[in-house]
Amino acid sequence: MTTASPAFAIETVGLTKRYGPKEAVSDLTLRIPRGSAFGFIGPNGAGKSTTIKMLMGLARPSGGEARVLGFDAVRDSVAIKQRVGYVPELHCICRWMRVGEVIAFCRPLYESWNDRFCADLLKVFELNPQTKVKQLSKGMVAKLALLLAVAHEPDVLIFDEPTSGLDPVVREEFLDGVLRTLCERERTILFSSHALSDVQRIAETIGLIYEGRLIDHCRTEDLLNGTKRIRAVLRDGCAPGPPPEGTIWQRVQQREWLMTVRGYSPATLEYLRAKYVLDHIEVIDLGLEDVFKDLVKGRKATA
Amino acid sequence: MRSLLWKDYRINRLLLIFGFVVCVGPWVIAIARNLLLEWRGGEAWWAPGFWVDVYGISLVLSLFTFAMLGGNAVAAERADRSAEFLGYLPVSRGAVLGSKSIIALGPTLLIWAVNLAALFIVAPSITHVPAADIVAKSEGRESLGVFAGLTVLLLGSGWFWSTVLTSHGLATGMSLVTLAAVMMGFIGLEFGCGLENFTEKWFLSVFVAVGIGGYVVGCAYYLHRLEP
Numbered sequence: 000m001t002t003a004s005p006a007f008a009i010e011t012v013g014l015t016k017r018y019g020p021k022e023a024v025s026d027l028t029l030r031i032p033r034g035s036a037f038g039f040i041g042p043n044g045a046g047k048s049t050t051i052k053m054l055m056g057l058a059r060p061s062g063g064e065a066r067v068l069g070f071d072a073v074r075d076s077v078a079i080k081q082r083v084g085y086v087p088e089l090h091c092i093c094r095w096m097r098v099g100e101v102i103a104f105c106r107p108l109y110e111s112w113n114d115r116f117c118a119d120l121l122k123v124f125e126l127n128p129q130t131k132v133k134q135l136s137k138g139m140v141a142k143l144a145l146l147l148a149v150a151h152e153p154d155v156l157i158f159d160e161p162t163s164g165l166d167p168v169v170r171e172e173f174l175d176g177v178l179r180t181l182c183e184r185e186r187t188i189l190f191s192s193h194a195l196s197d198v199q200r201i202a203e204t205i206g207l208i209y210e211g212r213l214i215d216h217c218r219t220e221d222l223l224n225g226t227k228r229i230r231a232v233l234r235d236g237c238a239p240g241p242p243p244e245g246t247i248w249q250r251v252q253q254r255e256w257l258m259t260v261r262g263y264s265p266a267t268l269e270y271l272r273a274k275y276v277l278d279h280i281e282v283i284d285l286g287l288e289d290v291f292k293d294l295v296k297g298r299k300a301t302a
Numbered sequence: 000m001r002s003l004l005w006k007d008y009r010i011n012r013l014l015l016i017f018g019f020v021v022c023v024g025p026w027v028i029a030i031a032r033n034l035l036l037e038w039r040g041g042e043a044w045w046a047p048g049f050w051v052d053v054y055g056i057s058l059v060l061s062l063f064t065f066a067m068l069g070g071n072a073v074a075a076e077r078a079d080r081s082a083e084f085l086g087y088l089p090v091s092r093g094a095v096l097g098s099k100s101i102i103a104l105g106p107t108l109l110i111w112a113v114n115l116a117a118l119f120i121v122a123p124s125i126t127h128v129p130a131a132d133i134v135a136k137s138e139g140r141e142s143l144g145v146f147a148g149l150t151v152l153l154l155g156s157g158w159f160w161s162t163v164l165t166s167h168g169l170a171t172g173m174s175l176v177t178l179a180a181v182m183m184g185f186i187g188l189e190f191g192c193g194l195e196n197f198t199e200k201w202f203l204s205v206f207v208a209v210g211i212g213g214y215v216v217g218c219a220y221y222l223h224r225l226e227p
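Just so you know, the protein sequences line up as chains A and B, in that order.
When you number the first sequence by numbering that gives the first Met the number 0, it's gap-free, plus one each residue, and the end is 302.
When you number the second sequence by numbering that gives the first Met the number 0, it's gap-free, plus one each residue, and the end is 227.
Looking at chain B on its own, in the form it has when it is part of the complex (with noise of 0.2 Å):
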């Protein structure tokens, strides 16, 4: 496992890096500035609405490394048919999404890990305003929960894509638009059936069972599927 795990790091190691600027970049710019602002007299911006702001920055940009880091999967490795070499290897294709797995869900969870850490732990620190109220007050609340749905969504559905598809490239763009399908679903319902007023909720479980599904069929199509 350790062997396929240090393969896996390696081949995504670039989208890693990615994945890693644009997670602590926005904070790091924005910190950075307010510090500068501060040094050279001014007035630094501490609000509570300032690390909603850039945790919404960082989450969306993220949206991209999800989207990359469930369709590199399984495709990357077909791509430059290196996925042949693993399959004349003695390794149970369990162990395969094991491993790819850890290193789809590792990096997706820290990069939360960041941005919850900044929104909860530093901003009130700072700003001496409590977590719950800087969430609350900038309707972070409803952006973590839609975040959190389309973190789900992108890296399941391009999961799914990338156990089906030749090219990493295509299965994540194909995962964008999954997410767009399902958007235009939302828009039909609301224009179509004059379903109105979708709540977070309604977006947080449709992304999510999406998401959790595409995970779970692209699994169940890997293990069944003898060719690499």
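Isolated chain A, as found in the complex (with noise of 0.2 Å):
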């Protein structure tokens, strides 16, 4: 066993798992700060719950190495349960248990097992301990899986798809419980989701993985800030040509050019008004789902 490392709550270093001659995951390098939220992005089948079960030392990488909190996601799987709490897309707590037997159940098998925390969440999610998981509604058990989580106070917090089939307003709900947590004290959270205005809400930072290949890694402030969108209105006989720099997506559709730029800057609307003769030309804005459709939809064209 090794000691925790001081900088990062999750490392991995050339991570890789394949399956058969399908790399589910290729050389995956990522460092994730203690205290930060990081936001995991990709299409289905990129490559984030394998990652995620790798970490969690649920399945064996082919390649690169794994650590959280400084321990070796494969010879100290243990201690990393102890210390992370993990809420996957399926909450595969056993149906035919009681909420009190599950909490009975788990509270033994954590070294930090708050009580007190424990029968608080219980009242702030309205689970009845005598009711029978299999009786429970999915938001409710995704919040029963979220009261595991967290009752052992972990450093470090990993949801896969938590929210994925809840309906808004049980998204809400849990989504708050998450940020609730956050607030009590410095935590690492890995949050991985299709729901990009959840991923906005609560990651600082974003990596985008397509692929099994982590193509993007950086701050969502940054990200946003720094990603738009152009519309520009070509003169009749004039042809678009080479779009400025950092474009990752483009279409074009009669006069009108659409491209969505990464690293925009004024000058951006210099090039383009200095190369073509343009009717019209407009900047807009983006949200964390239009940039990554883009940069998977510019992805996908230049496969």
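Some hints could be false.
Only pairs whose alpha carbons sit at most 25 Å apart, straight line, appear in this in silico SDA-like list of lysine to any residue [unchecked claim]:
#1 A:Lys131 with B:Ser2
#2 A:Lys292 with A:Val276
#3 B:Lys200 with B:Gly144
#4 A:Lys131 with B:Lys200
#5 A:Lys299 with A:Thr246
#6 A:Lys133 with B:Ala82
#7 A:Lys133 with B:Gly168
#8 A:Lys137 with B:Arg9
#9 A:Lys133 with B:Arg77
#10 A:Lys133 with B:Arg9
#11 A:Lys131 with B:Ser204
#12 A:Lys131 with B:Leu225
#13 A:Lys137 with B:Arg77
#14 A:Lys133 with B:Thr165
#15 A:Lys122 with B:Leu88
#16 A:Lys21 with B:Thr165
#17 A:Lys21 with B:Leu225
#18 A:Lys133 with B:Asp79
#19 A:Lys137 with B:Arg80
#20 A:Lys131 with B:Gly144
#21 A:Lys131 with B:Leu14
#22 A:Lys274 with A:Arg228
#23 A:Lys137 with B:Lys200
Keep in mind that the hints were calculated from the coordinates and are not lab data.
With the hints in hand, could you dock these two chains into one complex?
Take a look at the structure:
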């Protein structure tokens, strides 16, 4: 067992996972500092869940290494699980147990289980200890999973599509619960989700994974401030040519030329105005969902 | 460990009830029938053969319990995906195997204890025939060894299949198939290679070797794999 690293809560170096000839995760190097909230996004099958499973010691890497709080994900997986709260996409909590039994079962397994915090969360989430898990709605099971993930006051929280399939109200309540635990004390969060508005709300930094490779890793704010969509209308007879530097996606429809530019600055507009005869040009702000879609579409187009 | 034991007990509760019924049931029915006969003025059959017959029925029925105890061990939790839940809790694989071993071996030993106590303690005190004679007269000694071997084989091979499969029904079935395969092997040796007169020791050795081998290989495989 190794000592905990002071700098990074989660660290992967050249992490690779192969299923036969297919590489689900390819040479992934990722460093998430302690106390930060990291959003892990990517299309279906990009390798997010596989990466998380390797971090949790639930899948053996084919190459590279993964460390959580300085502990090796393969050798020290029990030590990691003591310090990490994990909420997976499918909440596989034993359906035959009552809520109180699930808690009684998990409690002795953790060294730092906080009974008072657990009791508080039971009230906040309106979970009845006498109810069987199989009688709970999907949203209530998600809340129970969150309770189990945070009641031992972990240093790191890992969420793998935790709100998938939940209605907007329950999703909101779940996120409130996550933010509530974030406010309690400094914690590192890895939040993987297709609900990018949720990611945008929680994550300070974003990592985009595509076909097993990390293609972007930056601050959420920088990504949103520095990525803009430009709508240019070309004058008749003027054909679109090379787009500005940093263009991640573009589409031309008749005279309208749409492009999403990463690393946007006023110089981008000057470049377009100097190079093309334009009737109109405007800059459109994008949300995380649009940026994500354009990054993925751009990758697909260049693949 | 206590919470793991509690969970494994709860998962296997129905099977344990089934095991108790098929182990004790033949004794209860047979003894009740004899007592009823005596009460009606008839002559009950308390001879040594009675005890050996009932113990035989009880253990033959219990063989299914042993196969299911082995087959349920790991695969039952994979089947309902609760193995994944256990996978992200801070529990070592060794502790999981320890708990499951206790839940599989404990009832097996108990079933054997009930039958051996009936045969070696209760029967001599009622029939006033020494236990050794009761067993020897009815060839019970031979069947004791074969039953012990079958117990180890079904439990061990069920355990092995349970660690590699995701269906506990299939794992239980495969332990019975393993038994059939071993018996086919004996038949093949007898007719194909001309080897004859297999003694109880032959059966016992092969059954125990296959059973213990299955348990050890199953444990090693479960400890090595990271996936739930």
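Hint-by-hint comparison with the structure:
1. A:Lys131 with B:Ser2: The given pair, whose Cα atoms are some 18 Å apart, holds under the 25 Å limit.
2. A:Lys292 with A:Val276: Distance ~29 Å between Lys292 of chain A and Val276 of chain A Cα, so the pair is violated.
3. B:Lys200 with B:Gly144: holds, 8 Å
4. A:Lys131 with B:Lys200: Measuring from Cα to Cα gives roughly 51 Å; hence the hint is violated.
5. A:Lys299 with A:Thr246: holds, 14 Å
6. A:Lys133 with B:Ala82: Status holds; Cα separation ~16 Å.
7. A:Lys133 with B:Gly168: Between Lys133 of chain A and Gly168 of chain B the Cα gap is close to 22 Å, so the pair holds against 25 Å.
8. A:Lys137 with B:Arg9: holds, 24 Å
9. A:Lys133 with B:Arg77: holds, 17 Å
10. A:Lys133 with B:Arg9: holds, 16 Å
11. A:Lys131 with B:Ser204: violated, 47 Å
12. A:Lys131 with B:Leu225: violated, 29 Å
13. A:Lys137 with B:Arg77: holds, 21 Å
14. A:Lys133 with B:Thr165: holds, 21 Å
15. A:Lys122 with B:Leu88: holds, 23 Å
16. A:Lys21 with B:Thr165: holds, 24 Å
17. A:Lys21 with B:Leu225: Since the Cα atoms of Lys21 of chain A and Leu225 of chain B sit roughly 20 Å apart, the hinted pair holds (cutoff 25 Å).
18. A:Lys133 with B:Asp79: holds, 12 Å
19. A:Lys137 with B:Arg80: holds, 16 Å
20. A:Lys131 with B:Gly144: violated, 45 Å
21. A:Lys131 with B:Leu14: holds, 21 Å
22. A:Lys274 with A:Arg228: Holds, at about 18 Å.
23. A:Lys137 with B:Lys200: violated, 57 Å
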